[in-house]
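Enquirer: First to last, the sequence lines map onto chains L and R.
The numbers in my numbering rise by one with no breaks, and the one at position 135 of the first sequence is 135.
The numbers in my numbering rise by one with no breaks, and the one at position 241 of the second sequence is 1241.
Do not rely on the hints blindly, as some may be mistaken.
Here chain R is said to cover these stretches of chain L; the calculated rule only asks that three of the stretch's residues, wherever they fall, bring their Cβ under 8 Å from a Cβ of chain R [to be verified]:
| hint | segment |
| --- | --- |
| 1 | 96-105 |
| 2 | 256-262 |
Now the in silico label distances, taken between C-beta atoms and shown as ranges [as the list claims (entries may be wrong)]:
| hint | chain 1 | residue 1 | chain 2 | residue 2 | range |
| --- | --- | --- | --- | --- | --- |
| 3 | R | Arg1547 | L | Glu424 | 53 to 59 Å |
| 4 | R | Glu1591 | L | Asp36 | 25 to 31 Å |
| 5 | R | Arg1454 | L | His375 | 56 to 62 Å |
| 6 | L | Glu218 | R | Pro1333 | 33 to 39 Å |
| 7 | L | Ala485 | R | Glu1222 | 32 to 38 Å |
| 8 | R | Glu1222 | L | Lys84 | 28 to 34 Å |
Hints in this document: simulated from the structure, not taken from any laboratory.
Yeah, the Cβ is synthetic: ideal placement off N, Cα and C, and Gly gets one too.
Protein chains: 2
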Amino acid sequence: MPRYDAPVRDMQFIFHDVLSLQNYSNLEGFSEATPDIIDQILEEGGKFAKEVLFPLNSVGDQQGCVRNDDASVKTPDGFPDAYKQFVENGWPLLSKSVEHGGQGLPRLLAIALSEMVSSANMAFGMYPGLTSGAYEALMAGGSDEQKAKYGPKMASGEWAGTMNLTEPQCGTDLGLIKTKAVPQSDGSYKITGQKIWISGGEQDLTDNIIHLVLARIEGAPEGIKGISLFVVPKYIVNEDGSLGERNAVSCGGLEEKMGIHGNATCVMNYDEATGWLVGEEHKGMRTMFIMMNEARLGVGLQGLAQAEVAYQNAVDFANDRLQSRSLTGPKAPDKPADPIIVHPDVRRMLLDCKAFIEGARLFTYWTALHGDLLHQSPDEKVREKAGDYMALMTPVVKAFLTDRGLKACNDALQLHGGSGFTREWGMEQFVRDVRITLIYEGTNGIQALDLVGRKLAANGGRAVFTFFAEIDDFIGANEDNEELAPFIEGLKDAKAKLQDGTTWLMQNGMSNFNNAGAASTDYLHLFGLTALAYMWAKMAKTAVEKRGSDPYYDDKLVTGRYYISRILPETAAHLAKLKTGADPLMALEAERF
Amino acid sequence: MPRYDAPVRDMQFIFHDVLSLQNYSNLEGFSEATPDIIDQILEEGGKFAKEVLFPLNSVGDQQGCVRNDDASVKTPDGFPDAYKQFVENGWPLLSKSVEHGGQGLPRLLAIALSEMVSSANMAFGMYPGLTSGAYEALMAGGSDEQKAKYGPKMASGEWAGTMNLTEPQCGTDLGLIKTKAVPQSDGSYKITGQKIWISGGEQDLTDNIIHLVLARIEGAPEGIKGISLFVVPKYIVNEDGSLGERNAVSCGGLEEKMGIHGNATCVMNYDEATGWLVGEEHKGMRTMFIMMNEARLGVGLQGLAQAEVAYQNAVDFANDRLQSRSLTGPKAPDKPADPIIVHPDVRRMLLDCKAFIEGARLFTYWTALHGDLLHQSPDEKVREKAGDYMALMTPVVKAFLTDRGLKACNDALQLHGGSGFTREWGMEQFVRDVRITLIYEGTNGIQALDLVGRKLAANGGRAVFTFFAEIDDFIGANEDNEELAPFIEGLKDAKAKLQDGTTWLMQNGMSNFNNAGAASTDYLHLFGLTALAYMWAKMAKTAVEKRGSDPYYDDKLVTGRYYISRILPETAAHLAKLKTGADPLMALEAERF
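Whole structure, please, built from the sequences with the hints as guidance.
Expert: Structure (structure tokens):
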């Protein structure tokens, strides 16, 4: 049986030592986030994830969700009770606004909690995760009445929220949406259409489900500019907040999937369901994007989270499994064979995971910190930079962390040999579950296009140039530190390559958009590798300073040096590939593949 | 629903144009393999794979195998009938020896058939695949009596064969085997022990199952030098060839696995089962290795085969799915959106698959041709080189083709977006099925160790130096051909890197074996990438010569140039990683992971 223990020490290192959250105590929310409070959240959250959620992970996988004949959906045994505890303990309220009963702590802490939940039980974590996304969208785009009506119960998790975008004929291309909204005399709309792949569209965890639905108001312009957003509760909410009549929305079926069986992926049928417009007519995409950006960061985090739990079990296996002798002579001569962790190639798989996970964790948390600064900083310059970074880093976090997260889960499975392929060891579930993260909330290819097509160019490249300048400043300030030499050298080289790739894109991507498309995925990976090199350099700097007090810091440097010498060289291949331009990709006629 | 069509045209290109099998017609077996016969085998084999085996692929996945209370095993609906047809059509006999009723054709043709079977239904293909492996081992190590007794029925597929190596405490490290063999006065042995992960250990396809079992004769030396090989039939075979009493071997349970559900993965209990020694006492590993080498080539082929079928369906999806517009303006203005194949990043996934598959196919077939030459050539020099190449290339074919095969299946799934993650589209089955190929018959890490630790060093590096010389000759002979310039340039660069890595290994791997272990996987990938560059250069040369007669040859050049410009640059990263030496991997204490 696999295990999960929250990586609390690593999170503390990031919060207290690297990001030094105590320095932001002048900001709203942060003032409450004292080191003690942070530690308590990490400890208790980790305990809940380990003791309540993780034991249900394989149960959820084996049982899956079941749609009953009355169109209700049963989640796996134990899910309703665990969800009840999750709400009763107040976990969803961590970073929600005080006005809705929340604790108002920085979202960064909710991200840390979310990592633990996603490691322990990704299918479970999607229920509250999407609810938070829907809550944020309503808060951003909804009327005061809507906020008051749905806010508190969604903030607490008593009610769930969903995102209804996809239809059979459209996933990426939401301009093709057909779901109709017909205005009624009372200001509401009748919504009719079919949505697919709706996570948590129906379940038995909450009293009500607040669906956010993209639809086209009769007579709206064609394409993406005619899409509006509606709130469609499963049960109509009365003026006094009580639940009224059942709305005409129901689950028409569940998808059979490769993984995340514990999460109900629903076909949702809207049959003149009553809904209310959120924000302005035809401007639904704007609000939906707020939700998607939150969600995309969360998906990147899922990639990292599944890598973490898979890695932990691979470490156990590598220390426990006795097989063959070290190439340099027996290391456990009293045993029939050495533990396989003596083998360099086994360590390669472990360290590929470890160096990725620790770098990616800081990258995600550092990005999320900018999200908090964007909302809380009184300094306009800080807010501008934070907004730039959030926009620029989100597609990288989403796609790079899930691509590499899948690789990490596969490495962890691989290290188990035949056991990795069998159900009982649990490794293959991690690979199946994490697989969706490369797809949903915009495929990784779409993230790459978003990065090169939109995020790089925004404001004349302000975001990426700010990032380059920040890296240059760091290099300049630490170039003379001999202990940091490999990190500075690696970062310098990677940043030069990223800059080269960026320049190439700016020169060639505009004249022929296919050049940008052809370069996009390699550029995103080059970006992600460089960003992690920067994160590792930051961690190394802190570790060098703290060194001596705890062997933890020495381990950090060892892992960081592994990243620089054994992972970062991949930048060269990505740069070479992205600079080929579109020709090698476009030369073959479509029918000749 | 997915589809499969055998890539007959591509196989013909390899057999007729690139390998030019007609030039070997002076050799036994090859003389019968006229172009007409080859074409007929490809056409008919492809038809059988498409029409009989492929429709059972998802059936097998959904139903899996069931162990009944009497320890018998039921394979999925349709498997017994398909197997019966497979045997009746004589497919297993293609390359089996004439003496056992076979057609005596080159094994290369059996490899082509095997590719088609493995694309259409990998779980099914494992039953005859392992039977062939067991047959070859018995032919290589068995007595004349054993060959006569088991040969014909195993050759035809009327009886199946299995390989029994793994035990709970040992997979890679077979020296830890505990299964006991006690000699009896009649020359037989009583075999007692438990074997796990035995593919096809029990099934309802054949009248008898011939188990080859590794066990330790009482009093044998410890470790790998005390392991003997036994033949243990499910039903004892009488002198007249009829089936006698049921042997004391039974299936104790089936593994629940990530994929290949249609193949029964059995726990096999031997309870004083009657067995007979194959070959010499304590020399069982030698014969088993013959079987494993055959099997390893077959596993690499499975990686390629799953990539092929996944790719075909990705091509269909990319041409059918309408979503968004081309970045350079609408390409199908009469439709609501363009087919997604207009997007460079979609083509990246397709061409990564296509360029890998076509290069890998030639690499496998070219290697298999050396297997035939090893057996058939009258020229000792040719046989020596063929043996060297078989030994050197086998771990590369096994590990490189399965690592990249998994990537290709994942790319093909990814291209499908959300549909890829759902059962009904069939893509996720390819990813789950192919996953085992990185593990069984020696994990890919073990293949890499075999390559750097054994195969490179054998005979003072004769095999690898011969290979380098062959590449140099090719470069020298074609350097002036302008049409081949990108291929020659790419090959030259890759070969220089591989030679650099080889030299580094020879200089550093002997003084510290951990340096070899730390470099092994990256070296193997550098080798595989270079080998495919050579294969692409060979194909390009042929395509340039044949050009004009068929647009097929132009497509070949386009695909090949993609390989050179967009895949081959990965060599640099592998070289940089392998040259770090062992330190980055060994620095962290085992308990600090």
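Enquirer: Tell me, in ascending order, the numbers of any earlier hints that this structure violates.
Expert: Those not satisfied are hints 1, 6, 7 and 8.
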